[in-house]
Amino acid sequence: MRALLFSLFSVFLFMSPARAQSFAVKETTLDNGLKVLLLEDHKSAAVTFQVWYRVGARNEVDGKSGLSHFLEHMMFKGTPTVKPEEYSRIIAKNGGNSNAFTSQDYTVYFATMSRDKIGIEVALEADRMANAILDGPTFENEKSVVMEERRLRTDDNPAAALGEVASAVMYMVYPYRRPVIGWMSDILHLTRDDLIQHYKTYYAPNNAFIVAVGDFSTDDMLAKIKQEFGKVARRSDPPKVTFDEPPQDGERRVTLKKEAELPLLAGYYHTPNLLAKDAFALDLLSTILAGGRSSRLHHDLVYEKQIATGIDADYDGLAIGPSAFSITAQVMPDKDPKQVEQAIDAAVAKIKSEPVNERELQKAKNQVEASFVFGQDSIFGQAMRIGQFESLSKWQMIDDYLPGIRAVTAADVQRVAKKYLDADKRTVGLLVPTKENGQ
Amino acid sequence: MKPLLSIGVLAALLGLPPRADGRLSPSQTVLRNGLVVVTSEQKALPMVTLSLLIEGGSRLDPAGREGAANLTAQLLTYGTKKHSAVELSDMLDFLGATITTGCSEEAVTANLTVLKKDLDAGLELLAEILTEASFPEDEIERQKQAVIAAIRAQEEQPGHVAEVKFMETLFPKSAYGRQVEGTAESVKRLDRPTLVDFYEKNIRPDRAILAVVGDVSQKEIVEKLARAFQPWQKRAGAKPAAAAPAAGAPTVIKINKQLTQANIILGHPGVPRTHPDYYAIQVMNYILGGGGFSSRLMDSIRNERGFAYSVYSQFEPQKYTGSFQVVMQTKNESAAEAIKIAVAEIRKMRENGVTEAELNEAKDYLIGSFPLRFDTNRKVAAFLSQVEFYGLGLDYPDKYPDIIRKISREDVLRVARQYLHPETLIAVIVADQAKADVKALDTGGGL
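These protein sequences, in sequence, are chains R and W. Here the first sequence is numbered in the numbering used here, starting from 1 and rising by one per residue. Here the second sequence is numbered in the numbering used here, starting from 1001 and rising by one per residue.
So here's chain W without its partners, still in its complex pose (with noise of 0.2 angstroms):
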């Protein structure tokens, strides 16, 4: 499936017809500048959330200069040519409001939460940031500290720890191996022409999706869009090459802490969130570990042993790639057991697949939740902003219930078998490894 990005840069005021949820009800424009502009109207409340998504994250760090994209999201706030980062500090908390930027290896993000009454002192600062930054050097400077020390006290959550080995280990050489802040090596070499840089190319309306929801009609935020994003002009240059990470050889990491618990990642890759058997595979894993107290993770090594607070399964998608992990915690002890009661489930669910009554409930409960997810404005952004980035089209929400209820048992199994690889697990341990003892993975399968 492709971007609705690329249809009629030049078209303005490109409304679509509102859908059957007249809750959600988004309509979508593209400004003159390329900028994808998805609202979805919510009057209950005198407010505006403002969720912005540029394509384009650390997966576009130059060579050596790991943690650039990150940087770059995090000055954007630290200094314009209108106004220093003390400045904004205090223009944006005098309003009661927060941009928070983020950076992940896909994509550059900005959020804004204004009163309806600030909405246009919230544009103007929005604008200014990813128009003017002007990426002061004492800034710069001051930001790198931030980024090294936090990567740092990352390294005390055992459970971030075990994440980022497992994720440098599946993609080795590749931006999604690496952490998307970089490394303290990294970080210390970035220097002003390269965030500046980065800022130029890639912070761009014509690679960027903008989700508004709140109090404010499509007509009223396209018309103060067009005024206040004017200055934001789009640039030359193709859009990148889309990511294939490759990924790495089968083995145990073994990280040993002094932790009362072993923590523990088991999986291998994963599919996209635009693959075709996307939607199968969410129904298969729900089933053996997505679902909550309902899943088949959670039954065995939860319910029926005790041997974890925390035991889940996931294919998390990106955009060009994504994986599959088993996440749990259990106490040194237990590790070898539980990591064997988790292999086993995966071997069981690609040997003799889901009952009827398994795939109903999940099926139920995906179709069911659904609308859940549109409980806050905020939440509506975020959705909003993601579908046009997978380009699942504005009609997604009326479609999704068709998509699910057609799985059948047979796509579950094959799913199954074709996406889950019990025999060729990258495993991560960061535990007391005196007491977790844990030798070869007991795949059944020879490892």
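The shape of chain R in the complex, shown without the other chains (with noise of 0.2 angstroms):
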């Protein structure tokens, strides 16, 4: 796919804690700066292995938007001594599975293979790291390719289209305000030039981790990234993001008119990320409001009312920047959607206004805990989490999310309801559908 990532960040974030799995990673770090993390787990036959560069769309500024995406594409053309497309070719011929995405905060590369090939994606990703080449006659093909990407996932898909304008009225200052994949004269304009500098900034050891995850020796797994990896020199450290996003005063309105089916409603809050302790219980709130069939947003909206189709609500905590809780529902035909509107906040004011009722604390507290649970069943879901959680922080805070999620109280959940959810300091977003003449 050579993939954007633009919902991961939630969805991980539910399928977290409720066995710790930290206790038995291990974390090393490379004289060049590389901190690797390591979990056996042989319950599969696979590997799966991950480099995490800490860069993405929020290292980035106005005019070179996509920028981040776009070097994460380059990568796969080639070193001095892999040709260009020859390292998916090369991961495919022995059974593996490859790609890489990018997100406002990182860039990961990433493949699957068994135990005895794995050695062989350790070698060309500590490959690429120091030598890419990102140019010659691959460079404006491939920036067609992510225009069509763009067309793609966002010109052409309304839903994703009003998360972008969304995210540009939301934020002012915050990088957050520019899509990952770049506005379409940004990515036209990007340079050779642009790439290589933001590769010599960015795509240092110093700069990295890797995470590994799946049926491997701990040891001989160390000793081959070791080989591999010891060998790239360490660089200066690439500068810190120094935005910070000015606080809200006053709702912010933005409607999206665009060929579609139905309106789409999506409000966003400004929230603490996970380094916060209200964090838990915003984490909560997320699943109390829209977690399953019976969550309160959920049974009044779509199954009571039968006014939106589906509702969803996301707390976004692993965002290294300014994080949001959004709200979205897609609205049932021939419905208003104010009512819809009208209902959420009634669902808000009521949640601000009296606390929960324990069983229903205890109910989100069980979807949260069987959702860790289940996410480990995938060694790459397991090396995801290990990665976000260390790209926000440091991954022994798994181990804190779950004692952190049990103790929250009926009273916490009401408290962050009533400081974040505030109408003043939100943006909400409108999809009006317009439709042509077909055929």
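Calculated from the structure, these hints are not laboratory results. Because the structure is a prediction, the values reported are computed rather than measured. Worth double-checking, as some hints may not be accurate.
As the list claims (entries may be wrong) - Just a few of them, taken from the derived set where beta-carbon distance is under 7 angstroms, the chain R residues facing chain W: (1) 43; (2) 93; (3) 144; (4) 145; (5) 306; (6) 333.
What the hints assert, rightly or not - Here are the computed lysine-lysine pairs in the DSS-like style, where the Cα-Cα straight-line distance is at most 27 angstroms: (7) 83/R / 1348/W; (8) 43/R / 1379/W; (9) 1188/W / 335/R; (10) 1348/W / 1363/W.
Where a beta carbon is used, it is the ideal one built from N, C-alpha and C, also for glycine.
Two chains, two frames, some hints: make the complex.
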């Protein structure tokens, strides 16, 4: 895919904690600053190996949006010893699946292979950390590919297009106001020098970490990683992102008119990320509001009133920068988006004015805990979780997560609802479908 | 190949010996009610995944009542004789579990993942929806509206619009050419007697396969199932006849939408999953367009020209039929050119076949990546129920490498010539037609 990652934050957050997993993670830091996180898991015959670079769209500047993502694509165009696109071919003919993705906060390259073949991936990742060419006749073609990707994912996708314009309004200063894939005109004008500069600044062992989970021996894996990545030279530390999003005073509203079938309503509230104590209560708040068919919003809007086809509440606590709590609903045919908004507001008002009952809170905690265990079913999911926590702060935080969830009280949920779900500090996006003549 | 379903209906506890991949070691049991249970014990996590597949989906919809199978499946968790829809939702959420029901042309499915400690409660609920679903009138009305809205919402996904139109053109007058959900009109016509009738006739253990993967032994789960599923009784009536949908004529269909990209599907009929040439076709298709970044279509359309982000081909098999499709999206203006290149690649495959190096790469990938399909309990459960449904045999994972290894360049050339038909393609183009400007298909062979 060489895919963007718009929604994985929240998905994997829900797949968070019941049984501590991180005790088994073995952490090592090489001399060049590359951190290595290894977790043996022998329940299947596969190993997933991921290289996480601490760079994403949040590290970009105006006029250069989409640079991290374009660089991710060009990382497949070879090194002095590996021809363009040969990387994918080598992994595939060794029975592996490989890909990469870029988010606001990080860029990740990965392959999943059998134990006896994963060393091939280790060597290839070390090679392209140091020696990517990023140039040549593939440059313009790949730019066209990225523009096609933008058309596919955003321009012809009404929900994604609404998310893009809402972010641009919600954030005035912080780089999250720009899309990961970049504005079309920015993509068009990105240069080879931009790529090379970005690569040299951010693709350093001391600005990256490795996560491997699966059927390997920690000693052998670490030896192989040291052998391949030990050769890569440390670079100067990359610049820090220094932006602060100023407080929002007053609601912001944005409308997108586009060919579509049903209106989509999305509300975004500013919140702190997982490093804040309130994070656990915010996570449970999202579950109580829209986690499962018996959740408040689902029951009221989708089941009882039948004014929404579906509803979602997400707390994006794994974001490094200013994070958000969002509530998104697709409106049923012939229903008024205003009615949907009023119903959501009423549910929000209620959770602010009355504490949730104990059983409802326990249900939400059970959902989060079960999801954590289910999340461990996949080695890729486990590696993602370790990587996201490490990207935000440190992977050991995984162990604090479940106790944090368990400790949340009904009063906490009410308090964070009051504190953060403030209509004066929200951004509301509305997709208004237009319909041209077909055929 | 016949499904194992037919062996000893009354045989209890027919355990098969463990297989080469010790980690999978599936066993099979047939309960007294005819339910085939395939198990794989995985102790690493305190969870159990159950994947139920009941043969007979939308292809059993009564005429004029299209969408009956799908709505029946959807209603299973919306009320039983013991519990209301609201109570069921609350009970499942309290366990942190979800029962996901679904429907395809050929099967109704139900999936449940629960923590080991909640296994009994989960089994009880699963048995309850299979034996005591009550189809309350108000819930039927609600879910009809939900399905009609979902059909509408899908209309804004251009890839989906193209797929629906393609299948409709490929298999006209057949369940395989209709949306499983039915149409807004046919769903409006569905009523309680139709759903109850479908439920009583078709949601039955003697056409069902249940894969159980997780922290429970075969002995333990079979005992639990024998108890919990005891009320689920086998029914009379012969198995539904095999489907044989007839293919539609080649044509070019254009759907106009305000889009920046043309969403294109080119294709024709394929083969069913049990076809003897299935594996040679998969190898051929891997090289043509199935092999991700290693395929010819990806090389010529994405890497060499930058025409598309996503382009692939697939021979998608079902039990009784199959389709071949090339799927891609490209900016409206390059639609005609991209189609021309895709057709040229199909022709080239027919004319020249593949090189030894390509063949080996394809085989190495297919054999090498096969075990990666089993990296989660959920994937193992889905895999085991499919193996049983298609009658591949529990030793299929052991046989697979040899099946692929034996395929030769001659086999690939033969199946390319036999199963690729660039002269008789159906083409669906969902695009801003004024900009896309695709005339007829340039198939090189005249259309």
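The hints, checked one at a time:
1. Given hint, residue 43/R at the interface with chain W, holds; its Cβ is 4 angstroms from that chain's nearest Cβ, closer than 7 angstroms.
2. Look at residue 93/R: its Cβ gets to within about 4 angstroms of chain W, closer than 7 angstroms, so that hint holds up.
3. About 3 angstroms separates the beta-carbon of residue 144/R from the nearest beta-carbon of chain W, less than 7 angstroms, and the hint is met.
4. Evaluation of the residue 145/R hint against chain W yields a held restraint, the C-beta minimum of about 5 angstroms falling below 7 angstroms.
5. With a cut of 7 angstroms, the hint placing residue 306/R at the interface with chain W holds, because the nearest CB-to-CB distance is about 6 angstroms.
6. Residue-level restraint check for residue 333/R holds (minimum Cβ-Cβ distance to chain W is 6 angstroms; threshold 7 angstroms).
7. With a C-alpha separation of about 25 angstroms, the suggested pairing of residue 83/R with residue 1348/W holds against the 27 angstroms cut-off.
8. Taking the CA atoms of residue 43/R and residue 1379/W, the gap is near 13 angstroms; set against the 27 angstroms cutoff, the hint holds.
9. Taking the CA atoms of residue 1188/W and residue 335/R, the gap is near 18 angstroms; set against the 27 angstroms cutoff, the hint holds.
10. About 20 angstroms separates the Cα atoms of residue 1348/W and residue 1363/W, which keeps this hinted pair within 27 angstroms; it holds.
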